[in-house]
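Novice: Residue numbers (UniProt numbering), protein chains in the order written: chain A, 1 to 390; chain B, 1 to 390.
Since the hints were made in silico from the structure, they are not lab data.
Just so you know, these numbers come straight off a predicted model, no measurement behind them.
Keep in mind that the hints are not guaranteed to be accurate.
In this list, chains with the same sequence are indistinguishable; a pair is considered to hold if it fits within one copy or across any two.
Unchecked claim - Once the Cα atoms are required to be at most 30 angstroms apart in a straight line, the calculated DSBU-like pairs of lysine-lysine come out as:
id, residue 1, residue 2
1, K132, K58
2, K58, K342
3, K132, K342
4, K24, K132
5, K132, K121
6, K58, K121
7, K342, K121
8, K342, K24
2 protein chains.
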Amino acid sequence: MTVTFAQGFEAAGVEAGISAVEGKKDLALVVNRGPLEVGAGVFTTNRFCAAPVQWSRKVVADGRVDAVILNSGGANACTGQAGYDQSAATAAKVAELLGTDPDRIAVCSTGLIGELLPLDKVLAGAEAAYAKIAADEDAGQDAAHAIMTTDTRPKTVERESEAGFRVGGMVKGSGMIAPQLATMLCVITTDAVVTAGQCQAALARGVDVTFNRIDVDGCMSTNDTVLLLASGASGVEPDPDEFNAMVADCCASLSRQIVGDGEGSSHTIRITVSGAVSVDAALACGRAVASSNLLKCAISGNDPNWGRIVSSLGIVPADVAPYDPDDVTVDVNGVRICDGGKPGVDRSEVDMTPREIDIDIDLNAGEAEATVWTDDLTHEYVHINADYES
Amino acid sequence: MTVTFAQGFEAAGVEAGISAVEGKKDLALVVNRGPLEVGAGVFTTNRFCAAPVQWSRKVVADGRVDAVILNSGGANACTGQAGYDQSAATAAKVAELLGTDPDRIAVCSTGLIGELLPLDKVLAGAEAAYAKIAADEDAGQDAAHAIMTTDTRPKTVERESEAGFRVGGMVKGSGMIAPQLATMLCVITTDAVVTAGQCQAALARGVDVTFNRIDVDGCMSTNDTVLLLASGASGVEPDPDEFNAMVADCCASLSRQIVGDGEGSSHTIRITVSGAVSVDAALACGRAVASSNLLKCAISGNDPNWGRIVSSLGIVPADVAPYDPDDVTVDVNGVRICDGGKPGVDRSEVDMTPREIDIDIDLNAGEAEATVWTDDLTHEYVHINADYES
Numbered sequence: 001m002t003v004t005f006a007q008g009f010e011a012a013g014v015e016a017g018i019s020a021v022e023g024k025k026d027l028a029l030v031v032n033r034g035p036l037e038v039g040a041g042v043f044t045t046n047r048f049c050a051a052p053v054q055w056s057r058k059v060v061a062d063g064r065v066d067a068v069i070l071n072s073g074g075a076n077a078c079t080g081q082a083g084y085d086q087s088a089a090t091a092a093k094v095a096e097l098l099g100t101d102p103d104r105i106a107v108c109s110t111g112l113i114g115e116l117l118p119l120d121k122v123l124a125g126a127e128a129a130y131a132k133i134a135a136d137e138d139a140g141q142d143a144a145h146a147i148m149t150t151d152t153r154p155k156t157v158e159r160e161s162e163a164g165f166r167v168g169g170m171v172k173g174s175g176m177i178a179p180q181l182a183t184m185l186c187v188i189t190t191d192a193v194v195t196a197g198q199c200q201a202a203l204a205r206g207v208d209v210t211f212n213r214i215d216v217d218g219c220m221s222t223n224d225t226v227l228l229l230a231s232g233a234s235g236v237e238p239d240p241d242e243f244n245a246m247v248a249d250c251c252a253s254l255s256r257q258i259v260g261d262g263e264g265s266s267h268t269i270r271i272t273v274s275g276a277v278s279v280d281a282a283l284a285c286g287r288a289v290a291s292s293n294l295l296k297c298a299i300s301g302n303d304p305n306w307g308r309i310v311s312s313l314g315i316v317p318a319d320v321a322p323y324d325p326d327d328v329t330v331d332v333n334g335v336r337i338c339d340g341g342k343p344g345v346d347r348s349e350v351d352m353t354p355r356e357i358d359i360d361i362d363l364n365a366g367e368a369e370a371t372v373w374t375d376d377l378t379h380e381y382v383h384i385n386a387d388y389e390s
Numbered sequence: 001m002t003v004t005f006a007q008g009f010e011a012a013g014v015e016a017g018i019s020a021v022e023g024k025k026d027l028a029l030v031v032n033r034g035p036l037e038v039g040a041g042v043f044t045t046n047r048f049c050a051a052p053v054q055w056s057r058k059v060v061a062d063g064r065v066d067a068v069i070l071n072s073g074g075a076n077a078c079t080g081q082a083g084y085d086q087s088a089a090t091a092a093k094v095a096e097l098l099g100t101d102p103d104r105i106a107v108c109s110t111g112l113i114g115e116l117l118p119l120d121k122v123l124a125g126a127e128a129a130y131a132k133i134a135a136d137e138d139a140g141q142d143a144a145h146a147i148m149t150t151d152t153r154p155k156t157v158e159r160e161s162e163a164g165f166r167v168g169g170m171v172k173g174s175g176m177i178a179p180q181l182a183t184m185l186c187v188i189t190t191d192a193v194v195t196a197g198q199c200q201a202a203l204a205r206g207v208d209v210t211f212n213r214i215d216v217d218g219c220m221s222t223n224d225t226v227l228l229l230a231s232g233a234s235g236v237e238p239d240p241d242e243f244n245a246m247v248a249d250c251c252a253s254l255s256r257q258i259v260g261d262g263e264g265s266s267h268t269i270r271i272t273v274s275g276a277v278s279v280d281a282a283l284a285c286g287r288a289v290a291s292s293n294l295l296k297c298a299i300s301g302n303d304p305n306w307g308r309i310v311s312s313l314g315i316v317p318a319d320v321a322p323y324d325p326d327d328v329t330v331d332v333n334g335v336r337i338c339d340g341g342k343p344g345v346d347r348s349e350v351d352m353t354p355r356e357i358d359i360d361i362d363l364n365a366g367e368a369e370a371t372v373w374t375d376d377l378t379h380e381y382v383h384i385n386a387d388y389e390s
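If we strip away everything but chain A, and leave its shape as in the complex, we get (with noise of 0.2 angstroms):
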């Protein structure tokens, strides 16, 4: 259901010529019809961000969204002067198709950064989506497969409250997946009554722990943005907590799914750091061994290589981590291969054929844990990033 799944929404997905790929929808639209219009958004901090983020960080600021159009095929970006232009002509055609004001349409694209958008094509685009746009699944759908790339799938989640509001989104992402965002577009919708900043609040909290905790390549790029729309449709004012625990949760499982379909992964590995001294150490760690392209490959070859776990973690300074390495116990899926830093049980030990790759690393330190994502490193993550768009 997606986009669509909360009241208030309408949406379409349409192919207007943008992509390279032939017969691809390359579109989206995404109209609030509200009784609110509320937005909120997490943009990429990569200081080469695309005109499109330059646009929609004025957008969201104000606090009020009325619709978002998105693209894949070309990430504008990069683009200078022109490049922004475009983004604004972008939302300029909206605005007018729907009666409102540029400065209230967010603008998102994805694909190749350095050029720029073939305009008359995305603006015909516009107007196709704009007369197909409706509220019923297939139109989620549409907007999702629109803005994928090398994604593998469509990624939708769609949540319902036991109050009576909605939360449901989409995103787009598989590669230059990094934390601190990745190359990924987000759209989440709800129809509770909230304000501007209480979507701001949630989205901030919620991307946090989820989209900025996992890393496919460690590629932060220039396009991020994560929006949360709301309409108000419901009629229903949430209970603040319920509100920023379901926004949360969507988080949670759009990001997963990028992990999930990581361009070429074959295994997704979860790695968890406890007996920190404090969240910020635990996320150190876990990031460090996280964008370990030695253990990505020997993970994607089943070779639990506890070696190239604990070597990357060495890298982290004392003063942002500190722990005794005699002190660090590693657990692959279950199996304790490493104990006060010398080997455990032996690592033939360790069942490597499920999909997901678990990694628990207690440093005996603290008290704190964090949980990143990451996928394994293959040929296929190769061919796709050595052959995409060259």
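Given chain A's structure and the hints, the job is docking chain B onto it.
Specialist: Showing chain B alone in chain A's frame:
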């Protein structure tokens, strides 16, 4: 000529049966016959440093090293007290053969982390190597072969000053290569008349601008060791600047050979960042680019994908490297494909056929520059590291 190029050194490389590779030389011995027995070293900063690193760090602390014994086929890392005892026993055996103290014998190991060495084979190998040591070129080459792991060729260097002293060396390393050393063992020898303090200073300076600026896969090893031994056998007291320059030049040559033999690589990538406010800022930018898996895949596909260059630059925080994205230029193999943060010359103009790819980034923010080296990321890298000793 390698470590035996300088007068006063003898070496050997033998097959001790430590490596799983049939017929491979896996144990090397380098003996300083004096009249000086000066030694200095630089070691990994990995907190899970291997037993031989713990041992050798103590050996070089007093500036005297009579010999170095090195093995491939096992890293003796994360092996606890038993591993440390193996390094100590290995040093004791060499000391016994030479008639000196164990605390004058440096020990280096490389291979799989987390397993003890077959100590009896190491000790027998030490005896066999001692029986064969010689000062000729073959002996030096045998030693260089014996320390190889996934290296496809031995890596050696020799330099002779007009003043009549010599510097030579050998290194191994092709994977788990990161800034801040690399998975590498390096022994450099000189017959100059120098103090341990001069050696330590020359080595620290040389390593900082060479071995610490290469990055094959961003993974820092537990075993990295660079040793400089001086025999004084030439009788020449070198000009300090010339000595420093020659040591740095040897480090540069050996580090370049590592990158040139990076696991499975098809391109060597030189990244020079100029126009930075400081060398540290330039280095931070260069390392961010060098660590991008996406860029490294693109290069392996002969795609000068500058979007992946600037998106990597963009993750460096502004307080680390101040610059304006709209001022940045990127040249690949001499073609300015990104000009002022926007597309420049069409990337189809770039000739990607050479082995070496030159990426020149000008931040236009200052006067400082720095160069780092890396390799592309290929199917072969994944194959080597998915299947290596699994």
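Novice: Which of the numbered hints are not met once you compare them with the structure shown?
Specialist: Hint 3 is the one this structure does not satisfy, whereas the remaining hints hold.
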